[in-house]
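Got chain A; can you put chain B on it based on the hints?
Those sequence lines, one after another, are chains A and B. Quick note, the first sequence lines up with residues 33 to 449 if you use my numbering. Quick note, the second sequence lines up with residues 33 to 449 if you use my numbering.
In case anyone wonders, no lab produced these hints; they're calculated from the structure. Source: prediction; values computed, not measured. Just to be clear, a hint being listed does not mean it is correct.
The list treats identical chains as interchangeable, and a pair is accepted whether it falls inside one copy or across any two copies.
[Stated by the list, open to error] Only pairs whose alpha carbons sit at most 30 Å apart, straight line, appear in this in silico DSSO-like list of lysine-lysine: (1) Lys317 <-> Lys144; (2) Lys144 <-> Lys85; (3) Lys274 <-> Lys93; (4) Lys144 <-> Lys240; (5) Lys326 <-> Lys274; (6) Lys274 <-> Lys144; (7) Lys85 <-> Lys326.
Next come the chains, spelled out residue by residue.
There are 2 protein chains.
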Amino acid sequence: MDISAYMQSLGRQARAAGRVLASADSAQKNAALDAIATALESARAALAEANAKDLAAGRAKGLDEAMLDRLALTAARIDGMIEGLRQVSALPDPVGEITDMSFRPSGIQLGKMRVPLGVIGIIYESRPNVTIDAASLCLKSGNATILRGGSEAIHSNTAIAACIAAGLAQAGLPAGCVQVVETTDRAAVAELITLSEYVDVIVPRGGKSLIERISRDARVPVLKHLDGICHVYIDDSADMDKAFAIAVNAKTHRYGVCNAMETLLVNQGVAFEILPRLAEAYSAKGVELRGCEKTRAVIDALPATEEDWGTEYLAPVLSIRVVDDMAAAIDHIETYSSRHTDVIVTEDYSRAHQFLRQVDSSSVMVNASSRFADGFEYGLGAEIGISTDKLHARGPVGLEGLTSQKWIVFGTGQIRR
Amino acid sequence: MDISAYMQSLGRQARAAGRVLASADSAQKNAALDAIATALESARAALAEANAKDLAAGRAKGLDEAMLDRLALTAARIDGMIEGLRQVSALPDPVGEITDMSFRPSGIQLGKMRVPLGVIGIIYESRPNVTIDAASLCLKSGNATILRGGSEAIHSNTAIAACIAAGLAQAGLPAGCVQVVETTDRAAVAELITLSEYVDVIVPRGGKSLIERISRDARVPVLKHLDGICHVYIDDSADMDKAFAIAVNAKTHRYGVCNAMETLLVNQGVAFEILPRLAEAYSAKGVELRGCEKTRAVIDALPATEEDWGTEYLAPVLSIRVVDDMAAAIDHIETYSSRHTDVIVTEDYSRAHQFLRQVDSSSVMVNASSRFADGFEYGLGAEIGISTDKLHARGPVGLEGLTSQKWIVFGTGQIRR
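This is chain A alone, in the form it adopts within the complex (with noise of 0.2 Å):
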């Protein structure tokens, strides 16, 4: 097979469905995404068999569990497929929304018109549901989507294929709207991240060797974040059971999520009196503490090295650092931080504002967990991954990070003087 000659295949169709899909209606999209899950329910043995293939093949290989377990098609992942489309039908239409219209002195209207992006490419690992996950986001809003799932998953992701197929069709859409990239040759992920002609974005997921080496070689603009570093930081003029409460959950909520915290920084004039209450929390939920020295001046722990301060864990390990004040607290987080998420607690006014305004992080936080850095809980309805680039979106990407804004102008005739 002619890799490069089939991509350029799959961008052409790519864009030409997606002119089309640019102007669907809002009923059009939401009567795919239905038709695609009343596919998915249809065709629940179908799915089962593609994916027993996925998992014996996987096994042959020696995939550990905890890769067994993100590629099974379980009955209640495939539930999660079906209502995830439901919920995606159910959002708002960000797409052709005007906003922002006025007249100029020249005389011309001038507003801003949202539209989609165009082409996304999404290059993903192991867990098949991200298929429809990130599909469906991509189809509301008005974007084809090519789609590069794991090579361990492709019998899985097929499958969920023909379903896509059968609801685009359906609702008379375009075939090119959503495809599936059909080797497995790695030959087909440098072309899809270099093939700007007709892809406007890559969006990867999985870990973070894939998104390393995909931002290292991409031409294609690419939404992502490397590292979920998160720190929460406990001022002296903190409540303590809100110190308490916020520190427990932001590490222990869930251990391999971005939006973790990894580090804590704790004010040394309440140091004594938070630490050795988080550290029992913490020990009786087998958290491994590595601290400062000033830390390991009131509780026990390991010792911390500049690796911790820059080390997402993704596991039930926390690095601790008593810090002079919220300036050494804001200087550490510029310094380390991923500029995902990053919190304060504190009872002070001022500091709150200037914690605020001072930390260029994508979520920053008053008196609230880390956890709450989600598409969901923000209210996106969706979340097609997290950005901690500064360009274009930040944060939980939903719908509206899909899309862009152009400019129309309604006039009357007028010139340039």
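Positioned in the frame of chain A, the structure of chain B alone reads:
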């Protein structure tokens, strides 16, 4: 000189200065802009002397008249720089704006805060006044700047930089807020566009080959437009007087600009009526016409080729194509447009709205000259450039385009259940 170490050092200083500038209030930033204007006024003799050195060196190197003209810092241009600074100072400050604050079901209060991108690298050729134009917009929007001008303007730019430094000092802002790259070594550019750790966006200002080179090699995001291949489509429902005025203005108001029309599309139903009238006006202004076969059946023109449809002339040359209908016009535009600005002249309501919806350019207009695609005409009060990319900013980019929005949360102790 170790270029890499030098550029890393500029980057570190910019990043540090940017943190201070991001929290600076409007009064302080405006004081800096006003102080820079005052410094320029006092330094007119020194600026003229430095510029004379550059012009002498330029003549000795054989620069042509057009290039020497761009290089010249006339009294009028210095007036322009000073006036520009006063205007930017008077603009509303977008930094720190909080919008969309609302309570989520979880009880957190969620909103968006507008913040500077951080550090902006400006790479430009020839015109020394860009030093001030670009630096003033970056400063006002809270961004630190690293300026790399053309080697032919090194003395002029250095003299301007001294005025900027004086202004910053007077306002109590760190010198790192605006830094000029002091070496003319080309390696400095290669370093700047890959300095991802310290630079958030690159804005290239200059010819197409400069912008192409930078876009190709940059690892830092680039805000740019490559081409301004703009269209005016005259529909058969158009008011012929509006069509005439717009088609003449869009081509001939100014030639060497990105928002000038380069291809005129005419509905076959009105070709006989409008083309002769336009041809007469264009010929009177010395515009060379290149047309498709159907065009040449109506007026005198050179034959237009496929290459003409994809050419930005930046000169008194216009390509003309007669099309069957609006769908054909949109097909042509979607094929050849550089996604800058495209216009329809029509009195048909449905077609006007379809054109606005279906044409995927940064500015789409009904019954107005493409020459309105400009930051000042759009009311941005300033323009650092025009973007034809789809992410982050589209069309004229003003202060807002040099910022992004982060999420902020006011909580009262909420945790995830």
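Worksheet item: Okay, which hints does this one fail, numbers in order?
Response: 1, 2, 3 and 7
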